[in-house]
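Protein chains in written order, with our numbering: chain A, 1 to 834; chain B, 1 to 130.
By construction, these hints were calculated from the structure, which means they are not laboratory data. Quick caveat: nothing in here was measured; it's all calculated off a predicted structure. From the three backbone atoms N, C-alpha and C, an ideal C-beta is built for every residue, glycine too. One or more of the hints may lead you astray.
[Said to hold, decoys possible] Lysine to any residue pairs mimicking SDA-like chemistry, simulated, CA-CA at most 25 Å apart:
hint : chain 1 : residue 1 : chain 2 : residue 2
1    : A       : K141      : B       : E100
2    : A       : K314      : A       : N295
3    : B       : K106      : A       : S74
[To be verified] Here are some of the chain B residues that sit facing chain A, going by a computed Cβ distance under 7 Å:
hint : residue
4    : L101
5    : D103
6    : V111
7    : P114
8    : P125
9    : P127
10   : I130
Letter by letter, the chains look like this.
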Amino acid sequence: MLKRNLFILMVLMYSVVWGKEYSINMKSGWQLIGLPADTENMRLFNRSDVRLVWSYNSEYNDWEGFSPETSVLSAIDSQNINRLNRVKRWQGLWVFSYNNWTLTVSESNEPSLSSQLLDSVTVSRGWNLLSIPFNAVISPKVLSEFKIWKYDRDSQWQTNRDYTFFDFPEVDELNSKRGFWLYSPEERTVDLAKRGGELLLTGSDDQITSSFTTLDSVHNHISKTLVINNREQNYWNWSESIDIFQTDTTVTDSYTIVSNGITNGNSGFEKRYNGVEIPDTIKEYNEYIFYKQDNSVRAGMISRFASNDVFTPKEFKLEYSENGQLKTSSLKNFAISGGRLISFSTINDTKISPSFAERCREKKSAITIHDLNLNPIGYRAKRDIFIDGEVNSSRLIDNSLYVITKFEPCVELQYPRVLLQQSDSCFNPEDTADYRARCYDVKSDENGTLYRYNYEYPDLKESYLTPKYSDSTGVWQELIKDPKQFYASSNLAQNSDLYTVSQFNIESGKLLTSLTVMGEMDLVKFTESSIYFTSSQSPHRVSFEETTGRTDIHKFYFKYQPKYVASTELNSSLIDRFSLDESSVDSGVIRVASRSELSTGDKGRGRIDILKDKGDGTFDSLGTLQDIVDYRYFLEGVKFYDDIAVASSESANKPLYLIDLSDLEAPRKSGGSITLNGKNSYIHYSTDDKRLFLVGQEVDEKGIDGGVTLRAIDVEVIDTPVELASRTIGDYHNFSPVYYSGKTFGYKDSRVVLPIQNDGNSYSPSTVASSVYSYRLESDESGNSALIRESAYSSDSFINSYDSNSRVLFMNYLSSNYILYLNNGKLFTKRIAE
Amino acid sequence: MRIDKQYILALMIGAAALLSGCNDNSTNLQDDTGGTEVSPNNSSTSDNQSPPPANSSSSTSDSSSDNPSSSDEPTSNSSDSSEEDTIEPTPVCEGEECIELTDGTKVNRAVPHPIPTSTNDEFPPQPPVI
Numbered sequence: 001m002l003k004r005n006l007f008i009l010m011v012l013m014y015s016v017v018w019g020k021e022y023s024i025n026m027k028s029g030w031q032l033i034g035l036p037a038d039t040e041n042m043r044l045f046n047r048s049d050v051r052l053v054w055s056y057n058s059e060y061n062d063w064e065g066f067s068p069e070t071s072v073l074s075a076i077d078s079q080n081i082n083r084l085n086r087v088k089r090w091q092g093l094w095v096f097s098y099n100n101w102t103l104t105v106s107e108s109n110e111p112s113l114s115s116q117l118l119d120s121v122t123v124s125r126g127w128n129l130l131s132i133p134f135n136a137v138i139s140p141k142v143l144s145e146f147k148i149w150k151y152d153r154d155s156q157w158q159t160n161r162d163y164t165f166f167d168f169p170e171v172d173e174l175n176s177k178r179g180f181w182l183y184s185p186e187e188r189t190v191d192l193a194k195r196g197g198e199l200l201l202t203g204s205d206d207q208i209t210s211s212f213t214t215l216d217s218v219h220n221h222i223s224k225t226l227v228i229n230n231r232e233q234n235y236w237n238w239s240e241s242i243d244i245f246q247t248d249t250t251v252t253d254s255y256t257i258v259s260n261g262i263t264n265g266n267s268g269f270e271k272r273y274n275g276v277e278i279p280d281t282i283k284e285y286n287e288y289i290f291y292k293q294d295n296s297v298r299a300g301m302i303s304r305f306a307s308n309d310v311f312t313p314k315e316f317k318l319e320y321s322e323n324g325q326l327k328t329s330s331l332k333n334f335a336i337s338g339g340r341l342i343s344f345s346t347i348n349d350t351k352i353s354p355s356f357a358e359r360c361r362e363k364k365s366a367i368t369i370h371d372l373n374l375n376p377i378g379y380r381a382k383r384d385i386f387i388d389g390e391v392n393s394s395r396l397i398d399n400s401l402y403v404i405t406k407f408e409p410c411v412e413l414q415y416p417r418v419l420l421q422q423s424d425s426c427f428n429p430e431d432t433a434d435y436r437a438r439c440y441d442v443k444s445d446e447n448g449t450l451y452r453y454n455y456e457y458p459d460l461k462e463s464y465l466t467p468k469y470s471d472s473t474g475v476w477q478e479l480i481k482d483p484k485q486f487y488a489s490s491n492l493a494q495n496s497d498l499y500t501v502s503q504f505n506i507e508s509g510k511l512l513t514s515l516t517v518m519g520e521m522d523l524v525k526f527t528e529s530s531i532y533f534t535s536s537q538s539p540h541r542v543s544f545e546e547t548t549g550r551t552d553i554h555k556f557y558f559k560y561q562p563k564y565v566a567s568t569e570l571n572s573s574l575i576d577r578f579s580l581d582e583s584s585v586d587s588g589v590i591r592v593a594s595r596s597e598l599s600t601g602d603k604g605r606g607r608i609d610i611l612k613d614k615g616d617g618t619f620d621s622l623g624t625l626q627d628i629v630d631y632r633y634f635l636e637g638v639k640f641y642d643d644i645a646v647a648s649s650e651s652a653n654k655p656l657y658l659i660d661l662s663d664l665e666a667p668r669k670s671g672g673s674i675t676l677n678g679k680n681s682y683i684h685y686s687t688d689d690k691r692l693f694l695v696g697q698e699v700d701e702k703g704i705d706g707g708v709t710l711r712a713i714d715v716e717v718i719d720t721p722v723e724l725a726s727r728t729i730g731d732y733h734n735f736s737p738v739y740y741s742g743k744t745f746g747y748k749d750s751r752v753v754l755p756i757q758n759d760g761n762s763y764s765p766s767t768v769a770s771s772v773y774s775y776r777l778e779s780d781e782s783g784n785s786a787l788i789r790e791s792a793y794s795s796d797s798f799i800n801s802y803d804s805n806s807r808v809l810f811m812n813y814l815s816s817n818y819i820l821y822l823n824n825g826k827l828f829t830k831r832i833a834e
Numbered sequence: 001m002r003i004d005k006q007y008i009l010a011l012m013i014g015a016a017a018l019l020s021g022c023n024d025n026s027t028n029l030q031d032d033t034g035g036t037e038v039s040p041n042n043s044s045t046s047d048n049q050s051p052p053p054a055n056s057s058s059s060t061s062d063s064s065s066d067n068p069s070s071s072d073e074p075t076s077n078s079s080d081s082s083e084e085d086t087i088e089p090t091p092v093c094e095g096e097e098c099i100e101l102t103d104g105t106k107v108n109r110a111v112p113h114p115i116p117t118s119t120n121d122e123f124p125p126q127p128p129v130i
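Bound-form chain B, shown alone (with noise of 0.2 Å):
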C-alpha cells in the first residue's frame, strides 16, 4: 500500500521537477524502492520478552520485574508490523544495482532516498551511485 503511494508521488513530484527545472543528475529514475528496505531481523521482531533487569529504570514503577514472563503478549506495535509485512512483501533487489550482503541479501547500491530522483528544497540530495 505504501509503495503505491510512493509511486504516484514518485511521478507527480518528478514530474513537478522536470517542470520547475529542479531534476538532479540520479541515474535510477525507474527504481521505486527507495525506503521500502528492510533489514532482515525484521521478522523477529513480534517475538517479545521481558529484557533482563538491568533495563529497568526509576521511572518504570517496577514494571519489568514484576512481569519477567509476558512472552506470549503481542503488542499492538509488533502486530501491526507483521500485518504490514505480510501485505507488503520484501522487496528484492537484482541485476547490477544491488551488493550482495554477507548473509545472501541484495541491498540497493544507491543510498536511501524518500523519493528516488526528487533532489530538490523539498527533498534531500543522494550521492552518485557507486
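Chain A extracted, bound-state conformation (with noise of 0.2 Å):
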C-alpha cells in the first residue's frame, strides 16, 4: 500500500506545479488561430503587434472583440459589442497583427490528474467559431456532416463542400494551431477526440465501406499523412516549451517487474484453427518432417529419422536472383497444405545508387509454393510471388494463401525559405531570453540575407506511397488497387504504415483480392476468419498534452471477399500483444485485457471485456470484469486459455490470478490463484486436461538462483486450483531456453518434454547436462502425483545453444512415439518408452 500511495503523491506534487509556455508563429495581417490553453491573460495580445482580436459567440450569434489599443476598444465598445475577456482553448479566433510575431501562451496549474477531459466540444445550432483543444491533427472527412470553412495556407478559404461555381480548395486538416467555421444544423456535442481514432467509413449496418472512392483520393491521403507526421516537430514549434516550475525529481519507489510467465512477451504454439494451415519452422506431412534449415526447407521420411539412419535430407533451397545477381534473403517459416509448400522469405533488395522508390523498396518479401512430388519427395513445378514489405502472419485456407505484409511509404519533403522582412526584430541580436525565443530558428545565407524555413507547408519532393506486388505472371503491379479496399483513420498526425492482407490462389499464383489498413497499430491479430487491428492514437485529453488510455479496436473479415465488419472503442489501454482474443465458443466475441493509463505513468489495476461483433458495424458489450488485481498494484499482463484467463500485477512475487471467462456475461474472478515461488518464465494451458505448466528459475530465500524448476497445475476446478507435482531440474548452472520460447516446450498425453541447458561454466555434482528432458506426469494409487523423468538425448553438444526457430515436436511412427527437436537447423530424434 506504501508503494502505491507514495506514487501518486508524487503525481500529485508534480502536477500541482506543473505548466508550459507554448509559442505560435503570428503572421501580419489577419489570421484565424486557436490557442493551445484557456487563457484570462489577454496582454498576451500586445499592442506593439496586434491590433484586433475577434470571437465568435454561437450560442447568442454575438461577436466578442479586443484590442490592446484604446481607440480600437473604444469602437468596439460604442458598437455594444461584448468584450473578449478569456480565451478558451477549443475557440477560434480572428487576429490582426501588424507584424509578424510570436505568441507565446502558458498552460499553468493544469490538474493533469483531472477526469475533466477535453475531448469534447458543444457546438450550437448555426455557425461555431472552434478551433481542436487538444494536440491532434484531425481530417475534416470525419466530420462530414458539418459543413465546414478553414481560412488558412496562403490567405485562402478552405471548405469541405463541393461549391460547384467555385474553385475553393478542400479543407486540408484539422489542428489545434488554426480555427475554423463549423455549422451545426442542431445544438450538440462532438467528442472530437473519439472521431479522430474513427476510420473514414461510408454507409450503414453490415453496408459500411470505405470512403475512398478513387485511388487518387488514397494517394492523397497517404501523402497528407506522411507530410502532417513529419513535419510535426517544428510546425507546432512546441519542442521549445519549458517548465515554468520545475519540482526535484526523485524516485520515491522503484517496482521490481520481472518476467512471470505472463508479464513476458513469451508465447507457445499459436492457437490452431481446424481447416487452417499456419506457417512454422517445422511440419510432419505424409510420410515426411519438413524442417527449416539456414535458407533452405529440408524434407526427410519419418521412418528414417525415426530409425536414426545418417541420411541428407532433401533440399528446396530458397534463393533469388535479379540478373543473375543474387539477393541477400531470410527464409522465415513455411506451410504445408494440399500437397502445396509454400515458403515465407523476406529480400533486403538493396541496389547500387537506388532511386528513391528503389530505396523505400528495399524491404520485399518472398513468397514461394512448390508444388510437391512424393516418394521420391521433390516438386514439378514452383511460382514465386515478390511483395513489397514484411510478411506480418499469413493462413493457408483451402485454395488461398492469406497474407499481411507491412510497408512503409516514404516522402522526401522540402521547407521553403521565407525571407525575414528588414524591420523584424530579430535583425537586431540582443543576448536576451526574448530574443532566443523569438529568433532562434532564424538562419542567415551566405548574403547574410536572414530567413526561417516554412515548416507548416513543406513540399513533397519525392514520394512512394503504395506497395506493389509480382505474381507469378512476372510483372510488378499495384497492391491497393480498389479504393474502396483501402481504410484509414481520421487521424492524421501518425505513422503511415500500409497494412495489406492478399489473397492469392495457391493452384496459379495469381492475386485474387486485397485490403489494406492505415495507421499506427499497436495490435494485428489474425484468427481464423477475422483480422482485428488496435491502435492508442486518439487517446482521451485531459490537458493539451497529457493524455490517459484509450482504444480503438476495428474488425476485417479476410476469407473469401475481405470487407469490414465493425469498431469499438475501450476508454483504458491494451497491455500487450495477447491482450486480444477471440473467443474460441462464439468467433464475433472477443475477450478484452485492458487498463487506465495515464501520460504521467500511473496505471489501473485493470480490466477485461467481452465484446461482440453486432453485424452492425458496432460491438456490443456482453460482460465485464473489473479491478483484476489488488488496489495496492496495477494489472501487468494477461493471458487468455479458451475460457480461462491468467492475469498478474506488476509484483514479480505475487499470485497469478485466474479468471473465468466460461460465462461471457459473467466473467469472475475466481477464489483460486497460484502462488509463485522464483522466478517463473513461462506458462503452458493444456486445453485437453485442463492443466497449466510453469516453468521458471528456483528461488530461495537469500535471493540465490537454483535449478530449473517445472510445475503442473490442475485448473479443471477453477476455484481450487490444485498443484499436481514439481520438480527442480539441475542448480543454478541450468537454464532453459522455454524461458524465452514458449515453442521449445512440448505437453502431450501427459508428457512434458523440454530442453535445459547448462552454462558451461563449471559445473557442481547438481547440474544436469544440455539435453532435452521428457518427463511423465504419473499418479500413484494413493492419487498421488509426480513427474517421472523419462529419457534425455545423451549427447549435450547439440543443445548448448538454440535459436529462435528451435522447437519440439511429437512425432508417431509404427505405434512408438518419438520427440523431434530442432535446434539450429538440425533435427534431433529420440523414442520414447511406452
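The two chains are supplied separately, each in an independent frame; assemble them into the complex guided by the hints.
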C-alpha cells in the first residue's frame, strides 16, 4: 500500500506545480488561429503587434472583441459589442497583427490527473468558430455532417462542401493551431478525440465501406498523413516549450518488474483452427518431416528419422536473384497443405545507386509455392510471389493463401525559405531570453540574408506511397487496386504504415483480393476468419498534451471477399499483444484485457471486456470484469486460454490470478490463485486436461538462483487449483530456452518435454547436462502425482545453444512415440518408452 | 482567374441572399478582394532547400540526410504557386478600409470572408468592420 500511495503522492505534487509555455508564430494581417491553453491574460495580445482580436459566441450569435489599442477598444464598445475577456482552447480567433511576431501562452497549474476531459466540444445550432482543443490533427472528412470553412494557407479559404462554381480547395486538416468555422443544424456535443480514432467510412449496418472512392484520393490521404506526421516537431514549435516550475524528480519507489510468464512476451504455439494452416519452422506432412535449415526447407522420411539413419534430407533451396545477381534473403517459415510447400522469406533488395523508389522498396517479401512430388520427395513446379514490405503473418485455407504485409511509404520533404522583412526584430541581435525565444530558428545565408524555413507547408519533393507485388506473371503491379478496400483513420498525425491482407490462389499464384488498413497499429491479430487492428493514437485528453488511454479496435473479415465488419473503442489501453483474443466458442466474441493509463505513468488495476460484434458495424458489451488485481498494484499482464485467463500484477512475488470466462456475460475472478515462488518465465495451458504448466528458475530465501522449476497445476475446478506435482531440474548452472521461447516446450498425453542448458562454466554434482528432457506426469494408487523423468538425449553437444526457430514436435511412427527437437537447423529424434 | 470566378459567384450568392432575405449588415458589397490577400513573404516560397537534419523523422526513409543540397530543383507545388502569382497580381488595398502594416503593406480592415457580404447557412458570419 505504501508503494502505491507514495507514487500517487509524487504525481500529485508534480501536477500541482506543472506548467508549460507554447509558442505560435503569428503572421502580419489577418489570421484565424486557436490557442493551446485557456487564458484570461489578454495582455498576450500586445499593442506593438496586435490591432484586433475577434471570437464568436455561437450561443447568442454575437461577436466578442478585444484590442490592446484604446481607440479600437472604444470603437468596439461604441457598437455595443461584448468585450473578449478570456479565451478557451476550443475557440477559434481572428487576429489582426501589424507584423510577424511570436505569441506565447502558458498552460499553468494544469490538473493533469483531473477527470475532466477536453475531448468534446458542444456546438450550437448555426455557425461556431472553433479550434481543436488538444494536440492533434484530424481529417475534416470525419466531420462531414457539418459544413466547415477554414482560412489558412496563402490566405485561402478552404471548405468541405463542393460549390460547383467555386474552386475553393478542400479543407486539408483540422488542428489546434488553426481556427475553423463549423455549421451545425442543431446543438450537439462532438467528441473530437473519439472522432480522431474513427475510420473514414460510409454506409450503414452491414453495408459499411471505406469512404475513399478513387485511387487518387487514397494517394492524397497517404501523402497528406506522411507530410503532417513528418513536419510535426517544427510545425508545432512546441519542442521549445519549457517547464515553468520544475520539481526535483526523485524516485520515491521503483517496482521490481520481472518476467513471470504473463508479463513477458513469451508465447507458445499459436492458436490452431481446423482447416487453417499456419506457417512454422517444422511440419509433419504425409510420410515426411519438413524443417527449416538456414535458407532451405529440408524434408526427410519419418521412417529414417525414427531409425536414426544417417542420411541427407531433400533440400528445397530458397534463393532469389535478379540479372544473375543473388539477393540477400532470409527464410522465415513455411506452410504445407494440399500437396504444396509455401515458404516465406524476406529479401533485402539493396541496389547500387538506388533511386528514391528503390530505397523505399528495399524490404521485400518472397513467397514461393512448390507443387510437391512424393516418393521420392521433390517438386514438379514452383511459382514466386514478391511483395513490397515484410510479411506480418499468414494463413493457408483451402486453395487460398492470405498474407498480411506491412509496407512503410516514404516521403522526402523540402521546406521553402521565408525571408525576414527588414523590419523584423531578429535583425538586431540581443543577448536576452526573449530574443532567443523569438529568433532561435532564424538562419542566415552567405549574403547575410535572414530567413526561416516554412515548416507549415513543406513541399513534397519525392514520395513513394503504395506497395507493389509481382505474382506468377512476373509483372510488378499495384497491390492496392480498389479504393473501397483502403481504410484509414481520421487521425492524420501518425505513422502511415500500410497493412495489406492479400489473397492469392496457390494453384495459379495469382492475386485474388487485397484489403489495406493504414495507421500506427499496436496490434494486428489474425484469427480464423477475421483480422483485428488496434490503435492507441486517439487517447482521451486531460490537458493539451496529457492523456489517459483509449483503444480503437477495428475488425475485418478476410476470407473469400475481405470486408470491414465493426469498430469499437475502450476507455483504456491494451497491455500487450496478448491482450485481445477471439473466443473459441463464438468467433463473433472477443475478450480484451486493458488498464487505465495516464501519460504521467500511473496505471490502473485492469479490466477484461467481453465484446460481441453485432453485425451492424458496432460491438455490444456482453460482460466486464473490473479491478482485476489487488488495489495496491496495477495489472501488468493477462493471457487468455480457452475459457480461462491468467492475470498478474506488476509485482514478481504476487500470485497469478485465475479468471473464469466460461460465462460470457459474467466474467469473474475465481477464488483460486497460483502462488509463485521463484522467477516464473513461461505458462503453458493444456486444453485437453485443463492443466497449467509453469517453467521458471528456483530462487532461495536469500534470493540466489537455483535450478529449473517445472510445476503442473490442475485448474479444472478454477476456484480450487491443485498443484499436481513439481520438480527442480539441475542447479544454478542450468536454465531453459523455454524461458525465452515457449515453442521449445512440448506437452502431450501427460508427457512434458523441454530443453535444459547449462552455462558451461563450471559444474557441481547437481548440475544436469544440456539436453532435451522428458517427464511423465503420473499418479500413484493413493492419488499422489509426480513428474517422472523418462529420458534425455545423451549428447549435449547439439543443445548448448538455441535459436528462435527451435521447436519441439511429437511424432508417432509404427505405434511408437518420438520426440523431435529442431535446434540450429538440425533435427534430433528420440524414441520415448511406452 | 480565381478572382473572376469569385466575383461572378459573389454576385450570384449576393443576389440569392437578397432574394431569400438572408442578407447581413456587412458594408463591403463592392469588395471583391476577400480571400485573395497574400502574405508579404509569399514570393520567397520558390526558394527551396532541405531543412536541417533535425527535421527528419522515422518514416522519411533517410530522405533529408541523403539530399542535403537540392535547392535548385523546384517542386511542382512551388512552380504552381509562382505561375499563379504571375497571372494574378497581388491585390492592393487602398483607402480608409485599409490598415498599414509595419512593413508598409496595406491590408483590409474587414475580416476575410469567402464571399464578402454573404452570411447565411452556407457562409460564416463576419464581424463589424472596425
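Against the structure, the hints come out as follows:
no., hint, in the structure
1, K141/A - E100/B, "violated, 38 Å"
2, K314/A - N295/A, "holds, 13 Å"
3, K106/B - S74/A, "holds, 23 Å"
4, L101, "holds, 5 Å"
5, D103, "holds, 5 Å"
6, V111, "holds, 5 Å"
7, P114, "holds, 4 Å"
8, P125, "holds, 6 Å"
9, P127, "holds, 4 Å"
10, I130, "holds, 5 Å"
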